[in-house]
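When you get a sec, could you build the whole thing from the sequences and use the hints?
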Amino acid sequence: MPTMLAVTAREWGAPEVLTPIEIERPEPGLTEILVRVHAAGVNPVDWKTRASGAFVTWGEVPIVGWDVSGTVEAVGPGVTRFEPGDEVFGMPAFPRQAGAYAEFVVAPSRQFTRKPENISHIEAAALPLAGLTAWQALIDTAELRAGQRILIHGAAGGVGHLAVQIAKAHGAYVVGTARADKHEFLRAIGADEVIDYTAVDFAAVLRDVDIVLDSVGGDYGVRSLPVLRRGGRLVTLAGPDGLPSAADADARGVRADWPVVEPDSASLTAIAELVAAGKLRAEIDRVLPLIDAAEAHAYGETGRTRGKIVLQVAEPGA
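What the sequence shown shows, in the UniProt record's numbering, is residues 1 to 318, in sequence order.
Don't read these hints as lab results, they were simulated from the structure.
List of simulated lysine to aspartate or glutamate pairs, EDC-like, C-alpha gap at most 16 Å: (1) Lys168 <-> Asp192; (2) Lys168 <-> Glu143; (3) Lys48 <-> Glu16.
Restraint ranges, calculated between C-beta atoms of paired labels, are given here: (4) Arg145 <-> Gly76: 37 to 43 Å; (5) Arg255 <-> Arg10: 42 to 48 Å; (6) Arg255 <-> Leu5: 42 to 48 Å; (7) Glu184 <-> Gly85: 38 to 44 Å; (8) Ala188 <-> Glu143: 26 to 32 Å; (9) Ala246 <-> Ile139: 23 to 29 Å; (10) Ala54 <-> Arg223: 23 to 29 Å; (11) Gly171 <-> Arg230: 18 to 24 Å; (12) Leu5 <-> Arg223: 40 to 46 Å; (13) Thr198 <-> Glu60: 41 to 47 Å; (14) Asp219 <-> Glu60: 37 to 43 Å; (15) Asp219 <-> Pro2: 46 to 52 Å.
Quick reminder that beta carbons are idealized off the backbone N, C-alpha and C, glycines included.
Set out below in structure tokens:
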């Protein structure tokens with residue numbers, strides 16, 4: 001059987017547990033496609049699950065990663081949307097193992113969409129999980145509308161910087177929190193106001209916000225309640241611990257939610273359309289080869305990235 005290079009977690013723990021191995025290449029089944037991976041995005045959920053193994057349904061050989069951009073190598077029975085040679089990207093299987101840190105990935109065809117022609121595989125690999133998280137939080141959960149005021153915590157991060165652009169593309173007024181050295185970048189991608197959270201208490205300077213998107217966690221959800229208007233929405237991406245109590249939310253007249261991102265080709269296609277129209281781009285902080293996945297995780301865990309980290313799996317043109 002043909003084999004492939006992949007990166008497995010030989011145990012749960014520090015970045016150093018990530019180990020390159022040679023394993024059997026998967027084959028597509030009914031409704032599935034086999035994708036030759038050109039690039040794989042790195043997300044906080046990657047290193048969080050690597051550290052503990054929690055939350056994810058793992059395969060027999062645990063392979064981390066969900067962001068994939070590559071070329072269709074083969075299609076299984078019943079697949080009509082793609083054919084070999086098509087360039088695709090997606091976030092398959094989440095929260096089950098997708099195995100993106102590998103030379104090949106197999107998954108249902110409807111968990112992918114076509115890669116926009118105006119971006120590289122590196123750029124496309126930075127989009128799926130963070131882009132779908134931002135889209136589903138803002139459009140599906142918060143029901144963002146033109147003219148609304150939105151506060152995005154962690155606005156320069158992987159999800160945050162895409163959320164800024166998605167909100168602007170939908171006609172929102174965007175306020176972001178970030179360190180001062182990220183302000184110029186955020187204004188360049190459309191933020192109307194930027195607050196240095198190390199110097200200013202956002203709750204002291206903001207009121208009547210329609211939506212708060214919290215990608216930071218901790219006490220940010222509770223601290224954000226006073227800035228929301230009655231009828232406003234708080235959406236936290238930091239898990240249920242980031243939510244205020246139901247009593248506190250009710251007292252303020254706001255709704256608080258914690259959505260978990262799901263594979264969704266329709267939303268991914270909408271994201272691709274924004275990219276093709278020049279209204280959305282992923283900021284790439286660092287690109288590393290697949291075998292340096294441990295270094296990518298260690299860097300991501302510093303919390304100082306601007307945009308996304310991407311692993312290059314295949315050489316350009318391969």
